[in-house]
Amino acid sequence: MFSVRLLRRTFQIGTKRFLHKLHDHLHKIMRPDDANIVGNVHGGTILKMIEEAGCIIGTRHCNTQTGDRCVAALARVERTDFLHPMFIGEVAHVSAEITYTSKHSVEVQVNVLSENILTGAKKVTNKAALWYVPFSLKNVDKIAEVPPIEYSSPEREEEGKKRYEAQKMERLETKERNGEVINAVTVPERHMKEPYTVGCSQSSLIHLVGPSDCTLLGFVHGGVTMKLMDEVAGIVAARHCKTNIVTASVDAINFHRKIMKGCVITVSGRMTFTSNKSMEIEVFVDADPLVEAEQGKFRAVTAFFTYISLDKDNRPLPVPPLKLEEEEEQKRFEEGKVRYLQNKAKRLADKERHQ
Amino acid sequence: MFSVRLLRRTFQIGTKRFLHKLHDHLHKIMRPDDANIVGNVHGGTILKMIEEAGCIIGTRHCNTQTGDRCVAALARVERTDFLHPMFIGEVAHVSAEITYTSKHSVEVQVNVLSENILTGAKKVTNKAALWYVPFSLKNVDKIAEVPPIEYSSPEREEEGKKRYEAQKMERLETKERNGEVINAVTVPERHMKEPYTVGCSQSSLIHLVGPSDCTLLGFVHGGVTMKLMDEVAGIVAARHCKTNIVTASVDAINFHRKIMKGCVITVSGRMTFTSNKSMEIEVFVDADPLVEAEQGKFRAVTAFFTYISLDKDNRPLPVPPLKLEEEEEQKRFEEGKVRYLQNKAKRLADKERHQ
Amino acid sequence: MFSVRLLRRTFQIGTKRFLHKLHDHLHKIMRPDDANIVGNVHGGTILKMIEEAGCIIGTRHCNTQTGDRCVAALARVERTDFLHPMFIGEVAHVSAEITYTSKHSVEVQVNVLSENILTGAKKVTNKAALWYVPFSLKNVDKIAEVPPIEYSSPEREEEGKKRYEAQKMERLETKERNGEVINAVTVPERHMKEPYTVGCSQSSLIHLVGPSDCTLLGFVHGGVTMKLMDEVAGIVAARHCKTNIVTASVDAINFHRKIMKGCVITVSGRMTFTSNKSMEIEVFVDADPLVEAEQGKFRAVTAFFTYISLDKDNRPLPVPPLKLEEEEEQKRFEEGKVRYLQNKAKRLADKERHQ
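Order-wise, the sequence lines are chains S, D and L. For the first sequence, my numbering begins at 686 and goes up steadily by one. For the second sequence, my numbering begins at 686 and goes up steadily by one. For the third sequence, my numbering begins at 686 and goes up steadily by one.
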């Protein structure tokens, strides 16, 4: 088997342990339940696989030194683009690598490739970066220490440190912003709403956390939460344009608090911005510890999903413009436009750099 | 169990094939995901199994004569009581029998038994009666003819006919009532609501219909819908009393329209009535054919679920009384009280008859 | 990433294509639903993962040459031992390699390793050999040709050929034997049966084939069938000894006919033999094409599962002897004893060879 041949070669360079700790690869056939009616795999299915790979490699790494046993919890996912659609029957390959460690966090880079095993065609569909924090198995509130990794060059370490500092800043910022926004998204009487308004497509779902949603420590896998968020965002998008829609990208997502077993999760989504060919949907996750009510409901996660609308041949369709009715909606639209233009500029800059 | 008695009778008349048409038995080990945190199997899990057994036996029976191939769609479930809780690790036995056929419908009686395979203890947990209507595989809007069954006695046939006439009447009635009620249940800003009010526990979820939710004909299995309904009702009940809650009974449910693949289902629940030891929750299912928007959103199902609250030793706890704020809530409470008293009277009458 | 480093090295030796065709690796965290109450992962969960890995690598290989696109269908699994228990929270690593090809079939060797990502402990839990046959996407009844592989030595090829001939003979034999046995296992009134008799533990379940159970060609994945078989065998074993039981081995399984979408599968199990520390359970799979009834019900698979009973510390417990009541049961017991002694002798011989 593959691993044997590989091991042999690695033995020669004396880094078997290194290899096993820092890289990982998983794959899975895409089934009908992973996709929408026309066969496009849900963005949420892919996000869930990405997070599973990250959680495995992160947890394994954090347990490589003596001391407390711990489980890696997702703290943040950097902005992720969906470069190509994936289809039912294709094999999704997810490979993960640890690229940076700080005292209490681990950065995992994950690449996703779709393979059509009938034609052999392969496409890179996603590149994601995730940050994990290890929690002690003995005390779920205690953060464990992360064993340092070796870098292939000092430059690599320096780059990692920069990414670490940047995400730390951003996490603090959104934490504060989250504090401000407390009121829930209300679902209005949809049939009384005009088409293309925010109220017309606004949607929400509740989910009772089950055992298979949780890690060994009894909190919800970040991937499970992201899959529910993508589900709601997709329904908002479909309600707006009544066509086949797919996830184009997800902005950075911060997971400020763990959601424990026994909670009810409310996931709500509302459209914030439309460009000619894309829609931005803001998604909120609120956790309600049903039985231990003294803890109170809390805002666990917020994020922005971008969707595009596709015709029968998977070509982008124009998106009907969002009809704004309230001042708040106008404000959110302007903020969405800023994010849209920033991302566009960034994409162009990246393109030029690679030419 | 029931099957043996049957076996004997059928053997005598030497119709092994006949036997295969009219009886069926399935069982399944209950898994963690089938239950709540304290290990009680969700009522919705049981309803889904009951419907799967009914759909199989109904579809098989309707295809025993030459003619169009067809799939049985659930039209109605009679009132169902949950007699005993079922737990993770137990085996649920579901046995189904066809007990009456009219020209276009099939009555299936389903019994559910829980078996603790370690101690051997068995308990009857449910007895349900379901009505199915066969739809042609070639034309999803055409209702096929049902082959007649043979009855063990003319009395049996007569009793079946009475049940058939009674449910037909009730279906017509609720169809009309459903027509009246059009406005959706709105989910208010929960945090602004006082505890124990209707608004405080009101909940709703959305679900994008996936391939595994559907029959060969591409419409949602009645059992899938009932499981979602029970999920919402359970969350409403838990939000009201913040304790471990279980399904005690479901009133008769009518399925007026098929929900096709590609719909988004919105399931909303609100508390209508509380007695000392029980809560009644009204649940609405609305279907929204996202892409084929010309069809428009429609109310697909409504039902009443009754829940009870349990302590650590599975003994019933008192339920906090529902705080009524609006006239409409008062009216629904009175109606719920009538249903509660009727069911109580019926239960007492049944008990006396059996003594 | 891992793949890059790997690819680069492989490019140098010019076997990128070889590598990608013939080896594969997948892994998955074990969740509560994958295991029994005490946390032991079900044998059926492992068999399903093994088959998924085999199907991916087999299908990929059969599509590497131009010609008809095809899907690999499982034809046979060789005898598989479960060497160590696997637990919830562990990561199962499944690696697959193509080890032999004939004109119309592919042999895949699959190894399974359990990894405790907290302690780093790893154990080989299974080694399996599977035979696949490719069916054309255009015509589900047409078998495609398999591209030949290169062997590392002529001895390897010769050994593969011997395995191929041996399994071919055995498949023919069981095909005939299957023909004889027609009557289904009936589920008797269990409570009237004496403990430890065959009738007392006999069990069966039915399953309606859903879309996610099937390959692109619309027939059931062999792994899905094996998982159901293990579920029934486990219930039979638990009913017999009322303790925690685990799968110890599965005899070779032949898949004579494909089970298509829309079938109802009946899986029945009965105990055939007990030794001091093990039980053998015979499992039958019958497929019933519900809608296309003219095709008729057929026996799709049969197999023997061996289970052991464990105490709290995972040590084997004595198994209560099977009480035989009928001549047929006596005959099957004797046959089971022969298989038991043969396997024991084979195990001893293998052990000596490795010393």
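Hints are computed from structural coordinates only; laboratory data are not their basis. Hints are not guaranteed to be accurate.
[Unchecked claim] EDC-like, lysine to aspartate or glutamate: derived pairs with alpha carbons at most 20 Å apart:
#, chain 1, residue 1, chain 2, residue 2
1, L, K713, S, D998
2, D, K733, L, D718
3, L, K713, D, D753
4, S, K946, L, E844
5, L, K946, D, D718
[Unchecked claim] Simulated DEER-style distance windows between Cβ atoms:
#, chain 1, residue 1, chain 2, residue 2, range
6, S, K946, D, N824, 43 to 49 Å
7, D, E850, L, K946, 17 to 23 Å
8, D, E844, L, F983, 33 to 39 Å
9, L, V825, D, E855, 56 to 62 Å
10, L, F983, D, M854, 57 to 63 Å
11, D, I722, L, Y849, 47 to 53 Å
12, S, K788, L, E855, 58 to 64 Å
13, S, K788, L, P839, 16 to 22 Å
From the three backbone atoms N, C-alpha and C, an ideal C-beta is built for every residue, glycine too.
Q | Non-conforming hints, listed in increasing numerical order | A | Hint check: 1, 3, 4, 5, 7, 9, 10 and 13 fail, others pass.
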